[in-house]
Amino acid sequence: MLTIKNLQAKIGDKEILKGINLKVKAGEVHAIMGPNGSGKSTLASVLSGREEYEVTGGEVDFEGKNLLELEPEERAREGIFMAFQYPVEIPGVSTINFMKTALNQIREHRGQPPLDAVSFLQLMKEKMKLVQIDQSLLNRSLNEGFSGGEKKRNEIFQMAMLEPKLSILDETDSGLDIDALRIVANGVNALRSKNNATIVVTHYQRLLDYIVPDFVHVLYKGRIVKSGGKELALELEAKGYDWIKTEAALAE
Amino acid sequence: MSVTSASPLSKDALVALPATATDAWTEQRAKARQALLKNGLPAARSEEYRFTPVLRSLEKKFSPRQLAGYTEGTSLPALDAHLIPGFDAYRLVFINGTFDATRSTDLSGIPGITIQPLFNAKPMLNLADVEADAFTALNTGFGTHGLAIEVAPGTRLAKPLLVWHGQKSDSPAAFHTRLQIKLGAASEATLVEKFDTEGSGDVFHTFVEEIEVGEQAKLQYCKIQNDAGQVTQIANTVIRQADSSRIDTFTFTFDGKLVRNNFQIVIDGENCESHFFGLYLVKGNTLVDNHTVVDHKKPNSFSNEMYKGVMDGQSKGVFNGKIFVRPHAQKTNAFQSNRNILLSDTATVNTKPQLEIWADDVKCSHGCTSGQLDEEAMFYLQSRGISKSAARAMLLYAFAGEVIQPLFDETLKHYIDQLVSQKLH
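Chain order of the listed sequences is A and B.
Residue 39 in the working numbering sits at position 39 of the first sequence, and the numbers go up by one each step.
So the mapping is simple: the working numbering equals the position in the second sequence, first residue as 1, plus 1000.
Please keep in mind that the hints were generated in silico from the structure rather than gathered at the bench.
Built from N, CA and C at the ideal position, the CB exists for glycine as well.
Take the hints with a grain of salt, since some may be wrong.
Stated by the list, open to error - Partner residues are not named here, just some residues of chain B that face chain A (Cβ under 7 Å, in silico):
id: 1; residue: A1377
id: 2; residue: Y1380
id: 3; residue: S1383
id: 4; residue: R1384
id: 5; residue: G1385
id: 6; residue: M1394
id: 7; residue: A1398
Build the full structure now, drawing on both the sequences and the hints.
This is the structure in structure tokens:
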């Protein structure tokens, strides 16, 4: 589904990604872990098309398309979804209106007719249950005055509505208490299928107790320095990141 | 004659203004003419018109004589195209500066309201100061068409008053219209003013309105300036509020060449509540200038002002918001905000709050911002599959929505909504 080859990116003059290689197949869950400043969020941002980052080398193929050539909205329409670490508050735009516009633009791209009001509401009600989000929240301005947990649940709600092929969860666990974490994780798990894939970007192992990954990759100084199964995450939790740093230093 | 006074509309040149009419307003007109000759029209150095070169806009097109009133090239604008669909109102129509009774609603049978030609009788109100603004002076000296509207105490008008200023000209034209409105104690009225100009000619329009809102009276006011033509419009509005009155005003400016709104609220009563909203959404070479004054003269009143601007192309926005809290006006709450979004590198805005507070037990705040669209919000919307243009329209619509949502009439709100979304796409 997704093939990243030697991806390099910088912001301003600062090189952040220094050659990332990663392959994600349908049905898989990949966790990207690593210490602060290792480039995890940059990777998520580059994949979703954030303009501040300049790609200086490498390739990203998504379902046969050159992802790096696509505008953010085109990536979304092709099936990429990023759950933001810090979802933006947008006064005056309700989540419902926003989702209706987004869903119908994606449907148009897929050659489907727009959803009528009744079907849209039906779909929305169904997906709301998944993340235990209340309609009154969705009537309000997008994320405005939402608690941290509500914002993250709203992200997963949007993900459920748009049914992406590849979801990228950028530090979705940050700022969540254990109950909210469980709700968010349950939502993500319910949406997992053999046809879609998930990249979980996280600093802590905690989230991976709930969203169990097939592969764990450790990002350090802009490169993936170690890959393994879910047990790698447990090892990191027990030993911290220092041994990774030492190993990486020795390899250099 | 020095080089600096070479303008065909310089102070010296204004002696060529015609004599003022001899009628019920003779005294006021003579004073106004004197004020004009003494003060001249605001030149580039004028502090009040610093960012609004109105003289430059007029001097190439008009002689002093024409400035006083000139309608030779005018024709009839399309009325129906400019009406607000489904908006049921008492209609008062001005065509090219002349009140048109045949196109207006006959209000003679409606209880509680009287309407008279303004200049048939001595002024009912004296709120607009000919010394304060040259265009008030010009209007007072040379205006020939206006209405005096009185709403009797306790009357609640069944329908809104819609005052439509339609104008069309393919050559220079100038006219001056005026309203005086008196809302009796505990009366309620809605006033909608709509300005539409057609044609390719330079049109100069001054408009003066003086409104007195009696004790416990309520005024809902909405001005829609959407002049497609080359209009230079200077509007002077003065609203005086008596005890326990309430006003809600909305000023929407969507088009025109140069639009200046001098909007002055005199809170001359206690326990008043006043809300002022404004939206200017312009592009091309339009210049829109809102100069507002909120003058708290008595204690215990509340005012809240929120003006927003969206400017594209080479348009210019100007906002100047004065708040006065006089020494006796204790326990005043006065708030003001002006926020602007610039969509192009060539659009500009000048915004200036001016608070003068002489009382010590008051709550006042002001804030102004100007910037581009929030890129983080744009990215968020795009990352969900929404096109750049749709995302932009959504954000701007939300920005403008804050000053449209409080509008008091659903039909009107729908109309403004549609105008705004047309302008945004």
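Going down the list of hints, with the structure as the test:
Taking 7 Å as the C-beta contact cut-off toward chain A, the hint placing A1377 (chain B) at the interface holds, the least distance being around 5 Å. Interface hint status for Y1380 (chain B): upheld, as the beta-carbon distance to the closest one in chain A is roughly 4 Å, under 7 Å. Hint status for S1383 (chain B): holds, given a least beta-carbon distance of 5 Å to chain A, under 7 Å. Because the smallest distance between the Cβ of R1384 (chain B) and any Cβ of chain A comes to about 4 Å, under 7 Å, the interface hint for this residue holds.
The criterion of a C-beta within 7 Å of any C-beta in chain A is met by G1385 (chain B), whose closest approach is roughly 4 Å, and the hint holds. Restraint check, M1394 (chain B) versus chain A: the minimum CB separation of about 6 Å is within 7 Å; hint holds. Evaluation of the A1398 (chain B) hint against chain A yields a held restraint, the C-beta minimum of about 3 Å falling below 7 Å.
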